[in-house]
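Asks: Here's the letter readout for the chains.
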Amino acid sequence: MAGERSFIAILIKRLLLGGFAAVVLLILTRFVFHFPPVFQAMFVLYAGLGTVTFILLDAPAVSPFGGVKALVALVVFYAVLAGTFIAGANFLPQYDPMVEKGKIDKIVKPKLAATDKGKMDALLKRSVELNAQSQAIMKRLEALGGADKLKAAEGDKGGGGDAPKAAAGDLIGLGKEQYDLQECYNCHKIGGKGSVKKRGPTMDNIGNLMKPEEMKEKITNPRSWMAEGFEKEYNKKQMPDKYKELMTDQEIDVLVAYLASLKDASVETPKPIKK
Amino acid sequence: MEHIRNHRSVYAYAALFLVLVFAVAMPVGLAWAEDAPAGAATEYRDIPGMGSRNLIWIVAQQHLLLAGFVLGVPIFAWVCEIVGVRTGDQRYDKLAKEFTKLLTSSYATTALFGGILLFLLIGLYPKLMNYLSDVFFPSFLVYCALFLLETATLYLYWYGWDSMQGSKKGLHLFLGFLLNVFAFFIMIVPNSWATFQASPVVIAEGSMWARAWAATWNPTWWPVNIHRLIANVVLGGYICGAYAGLKYLMAQNAEERVHYDWMGYVGNFIGVFGLLPLPFAGYWLMREIYQYNQQMGITLMGGFLSWLFILQAMLIGILFVGSNYYFWLGIMHRIPGSEARYRRPILAMLVILLVCLGVWMTPHSLVASLEEARKMGGTHHPLLGVFGVMSAKMTVSNLMILVTFMSFIMYWRAGKEETARWAKVAKAGQGVLLGIAVVVVVVLGVWGYFVPAITRINYFSTTQVLVVLFVLLTVTPLTGLLMKSARTTTEMVWGVMPGRAGYVLVLNAVMVILLMTLMGYARSSSRVHWHVYGVMQDTSQYAYSPALGYAAAIMALNTFLFCLLVAFIFWVASMGGEKKGGPTDTAHTKAKDAASPAVGSAPAASTGHQ
Ligand code: HEM
Numbered sequence: 007m008a009g010e011r012s013f014i015a016i017l018i019k020r021l022l023l024g025g026f027a028a029v030v031l032l033i034l035t036r037f038v039f040h041f042p043p044v045f046q047a048m049f050v051l052y053a054g055l056g057t058v059t060f061i062l063l064d065a066p067a068v069s070p071f072g073g074v075k076a077l078v079a080l081v082v083f084y085a086v087l088a089g090t091f092i093a094g095a096n097f098l099p100q101y102d103p104m105v106e107k108g109k110i111d112k113i114v115k116p117k118l119a120a121t122d123k124g125k126m127d128a129l130l131k132r133s134v135e136l137n138a139q140s141q142a143i144m145k146r147l148e149a150l151g152g153a154d155k156l157k158a159a160e161g162d163k164g165g166g167g168d169a170p171k172a173a174a175g176d177l178i179g180l181g182k183e184q185y186d187l188q189e190c191y192n193c194h195k196i197g198g199k200g201s202v203k204k205r206g207p208t209m210d211n212i213g214n215l216m217k218p219e220e221m222k223e224k225i226t227n228p229r230s231w232m233a234e235g236f237e238k239e240y241n242k243k244q245m246p247d248k249y250k251e252l253m254t255d256q257e258i259d260v261l262v263a264y265l266a267s268l269k270d271a272s273v274e275t276p277k278p279i280k281k
Numbered sequence: 021m022e023h024i025r026n027h028r029s030v031y032a033y034a035a036l037f038l039v040l041v042f043a044v045a046m047p048v049g050l051a052w053a054e055d056a057p058a059g060a061a062t063e064y065r066d067i068p069g070m071g072s073r074n075l076i077w078i079v080a081q082q083h084l085l086l087a088g089f090v091l092g093v094p095i096f097a098w099v100c101e102i103v104g105v106r107t108g109d110q111r112y113d114k115l116a117k118e119f120t121k122l123l124t125s126s127y128a129t130t131a132l133f134g135g136i137l138l139f140l141l142i143g144l145y146p147k148l149m150n151y152l153s154d155v156f157f158p159s160f161l162v163y164c165a166l167f168l169l170e171t172a173t174l175y176l177y178w179y180g181w182d183s184m185q186g187s188k189k190g191l192h193l194f195l196g197f198l199l200n201v202f203a204f205f206i207m208i209v210p211n212s213w214a215t216f217q218a219s220p221v222v223i224a225e226g227s228m229w230a231r232a233w234a235a236t237w238n239p240t241w242w243p244v245n246i247h248r249l250i251a252n253v254v255l256g257g258y259i260c261g262a263y264a265g266l267k268y269l270m271a272q273n274a275e276e277r278v279h280y281d282w283m284g285y286v287g288n289f290i291g292v293f294g295l296l297p298l299p300f301a302g303y304w305l306m307r308e309i310y311q312y313n314q315q316m317g318i319t320l321m322g323g324f325l326s327w328l329f330i331l332q333a334m335l336i337g338i339l340f341v342g343s344n345y346y347f348w349l350g351i352m353h354r355i356p357g358s359e360a361r362y363r364r365p366i367l368a369m370l371v372i373l374l375v376c377l378g379v380w381m382t383p384h385s386l387v388a389s390l391e392e393a394r395k396m397g398g399t400h401h402p403l404l405g406v407f408g409v410m411s412a413k414m415t416v417s418n419l420m421i422l423v424t425f426m427s428f429i430m431y432w433r434a435g436k437e438e439t440a441r442w443a444k445v446a447k448a449g450q451g452v453l454l455g456i457a458v459v460v461v462v463v464l465g466v467w468g469y470f471v472p473a474i475t476r477i478n479y480f481s482t483t484q485v486l487v488v489l490f491v492l493l494t495v496t497p498l499t500g501l502l503m504k505s506a507r508t509t510t511e512m513v514w515g516v517m518p519g520r521a522g523y524v525l526v527l528n529a530v531m532v533i534l535l536m537t538l539m540g541y542a543r544s545s546s547r548v549h550w551h552v553y554g555v556m557q558d559t560s561q562y563a564y565s566p567a568l569g570y571a572a573a574i575m576a577l578n579t580f581l582f583c584l585l586v587a588f589i590f591w592v593a594s595m596g597g598e599k600k601g602g603p604t605d606t607a608h609t610k611a612k613d614a615a616s617p618a619v620g621s622a623p624a625a626s627t628g629h630q
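Each protein sequence line maps, in turn, to chains A and B. The first sequence: position 138 = 144 (our numbering), numbered continuously. The second sequence: position 84 = 104 (our numbering), numbered continuously.
If you are wondering where the hints come from, they were derived from the structure by calculation, not from laboratory data. Fair warning: there could be bad hints in the mix.
As the list claims (entries may be wrong) - Listed next, the in silico DSSO-like pairs over lysine-lysine satisfying Cα-Cα at most 30 Å (straight line): (1) A:K182 to A:K248; (2) B:K147 to A:K107; (3) A:K19 to A:K107; (4) B:K504 to B:K188; (5) A:K107 to A:K182; (6) B:K117 to B:K189; (7) B:K147 to A:K243; (8) A:K107 to A:K75; (9) A:K248 to A:K281; (10) B:K147 to A:K248; (11) A:K250 to B:K188; (12) A:K195 to A:K277.
To be verified - The following residues of chain A were derived to be distant from chain B, with all beta-carbon distances above 10 Å: (13) F49; (14) L62; (15) E189; (16) K248.
Glycine included, each C-beta is placed from N, C-alpha and C at the ideal position.
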């Protein structure tokens, strides 16, 4: 059949064309643009999709079939589609659920443990310790008031061998963890990171502007203080009023310890106004 | 006959119900594992082996897909009915009726899954359901009332079809309208529950109704309502197309081939028209999510879910290419003698589409491996960055829409010659309009890089969308006018499409369904370990998000199950259809040679190009 012969010619021509496009794309993405491997593969696949579409446009019709045969063909067709889809999804970098599990454990475990009578005492003891520790730090913080010393304690744990300093570092680390877990960065900026859209005030110098108790008051009751220049946000009750329920007292304390360590006077931080 | 048919479908339903009950009850009965100590209220129950979350995942997805189908089909049917009245073409009325017939059985199946889902949720997630009932109880009542209204209207609409022909057709159309209004509200009420979980608005004071209303009108409620409404039309259209494609593949004779070829065309057409505005709705939704909660936006677009959007781009890409391909096949096969003329434009369109898709799937920033990230120069690769930003994406999605629209116009016009004197001018005007639109979209897209984001989002992107909408809304009626007076040079030949046309229709439907399952996963996973974002934590053992590869397997399973259910629904509906007229009745009497192509209303039987 003449039609078939000419289709083979078309097939070869378009395969060559598509292959050429794929090679060009591969060279471009790999050696010119240095795309990650996944994207190199994606672009080659797109060339393949285009080639197949273009070839199919002129492919001769296969003789139709009906009944069971058609049904089987369809199921096979679906199996191929689903297989490709699943394979594609597996080929992409996989997110590791363990990462999130670890994060969840930090939030959930203490609460679960609290319901478990056996672990209750251990938890209680730990929190008493933590509380005592944080109170000690709090006092020190107020007494010293030196940002540099605290920064040093944070950055260089155990370097000086000074026990309270190391503890402060731990505490600040724990506080930073709380800050991340509670996603304060959604609205606040510290060290230039967080809230792209400037929803809430920058907090780089908050340690110089607010006393720890005042911060605690603000977190547990956002109505208690207002950042200067954020009247609109304050009136719209932008800062959520939920941390009192979500966080334990200790968690708030370590968070405050972290915030109190933020004393970078070079970054303009809105003044808190008592309401 | 009617009597027997009812019995048969009752049995079919009984069988389905039993199977489902077993599938659900066995694991539940086995397990009943409560993970709270005695005394405290049970927060979760689990199902060993399968896991409670997987079961909910599957049942909820089936219910959601069925609901999309049940809400999409009335829109589809109603539009077909109107077209039938306007054009006087009886085929449309028949098609509308054929699909409305499906509604009664699919409605029951949807409700069945809804019921199963509700019981499972109450059983497996009591803590969450308690909380949601507390917030939303009033809207549960509204939901029930809507169900009554919808069911009553549906029965009137379906059983009144034949008796309301002629002078009462207006009343019937009004019923169809009502049906769609109720259906819309049935969709948006549960949407409020789902969107509340992602973007909750909780007020402490106020009455029960005030609290429920505040929670209902949450920031992502309307974007999701609109996005889903359109997506449901798309789903309805493509499923109709897939059904027709299947029937076309298995057609026994010429009449059937003609009928199902035409039906496939209508289904694809409605699907494509829904597809065109969908990316806009998608972007609006994404913007609202970002505005409500930046973290959630980042999780979706730049965090661990960002790879998912590559799959999404792939699926949408194949959907766009598949729909265009079907148009192109139509031009080349249904309109004899037009292959040579249209080859070049088709190739050009294919290339533009592929380039656009390439840009679309290029992400802005990704959590790659550290080494990759370094290679990319931080998270912003110079080139990934350029193509990955919103400006580029908006631009290419607008271009893709324009290209698809051009395919359709080209198809519409093929084989016709304008006769009106003003036609030449009008045609040139359309060309100029399209050209200007493309230029404006591209210029704004490039310019978008040099203006502040807020200007771009508020003015440039909006202008792009408005320009494209303007083109769609002016060129379509203008072409319609032109075609009314046009002389047909080559009659459209139905029933000669090659078999792969049927496969493309099936492919498109599968892509849409996979897309819906994928986005369902996106919506749930973007909440990470929260039941209600920022308000109620998920403390079950399944709080973490499953990995993409694993999720994809469940999505494929869900897609397959849904296809089976739809096949079942069509099968149940076909039981009565054999006696009731429709396309199949003549089919059995005139057994023509199955392989010989049929010619529709056209006398010119030119089939030489097969
Ligand atoms: C181009 C940009 C698009 C973006 C950014 C986008 C984004 C999203 C997001 C974030 C969701 C989850 C929302 C939710 O249900 O809570 C969603 C849902 C959905 N999207 Fe899109 N979408 C886009 C285009 C499309 C297109 C072209 C389709 C085509 C069919 C589509 C189909 C759907 C469907 C069916 C859902 C509902 C899934 C479900 O919740 O069950 N989207 N989309």
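Asks: Give a verdict on every hint.
Replies: We went through each hint and held it up to the structure:
{"no.": "1", "hint": "A:K182 to A:K248", "in the structure": "19 Å, holds"}
{"no.": "2", "hint": "B:K147 to A:K107", "in the structure": "20 Å, holds"}
{"no.": "3", "hint": "A:K19 to A:K107", "in the structure": "53 Å, violated"}
{"no.": "4", "hint": "B:K504 to B:K188", "in the structure": "28 Å, holds"}
{"no.": "5", "hint": "A:K107 to A:K182", "in the structure": "19 Å, holds"}
{"no.": "6", "hint": "B:K117 to B:K189", "in the structure": "13 Å, holds"}
{"no.": "7", "hint": "B:K147 to A:K243", "in the structure": "28 Å, holds"}
{"no.": "8", "hint": "A:K107 to A:K75", "in the structure": "47 Å, violated"}
{"no.": "9", "hint": "A:K248 to A:K281", "in the structure": "19 Å, holds"}
{"no.": "10", "hint": "B:K147 to A:K248", "in the structure": "19 Å, holds"}
{"no.": "11", "hint": "A:K250 to B:K188", "in the structure": "63 Å, violated"}
{"no.": "12", "hint": "A:K195 to A:K277", "in the structure": "15 Å, holds"}
{"no.": "13", "hint": "F49", "in the structure": "6 Å, violated"}
{"no.": "14", "hint": "L62", "in the structure": "6 Å, violated"}
{"no.": "15", "hint": "E189", "in the structure": "5 Å, violated"}
{"no.": "16", "hint": "K248", "in the structure": "7 Å, violated"}
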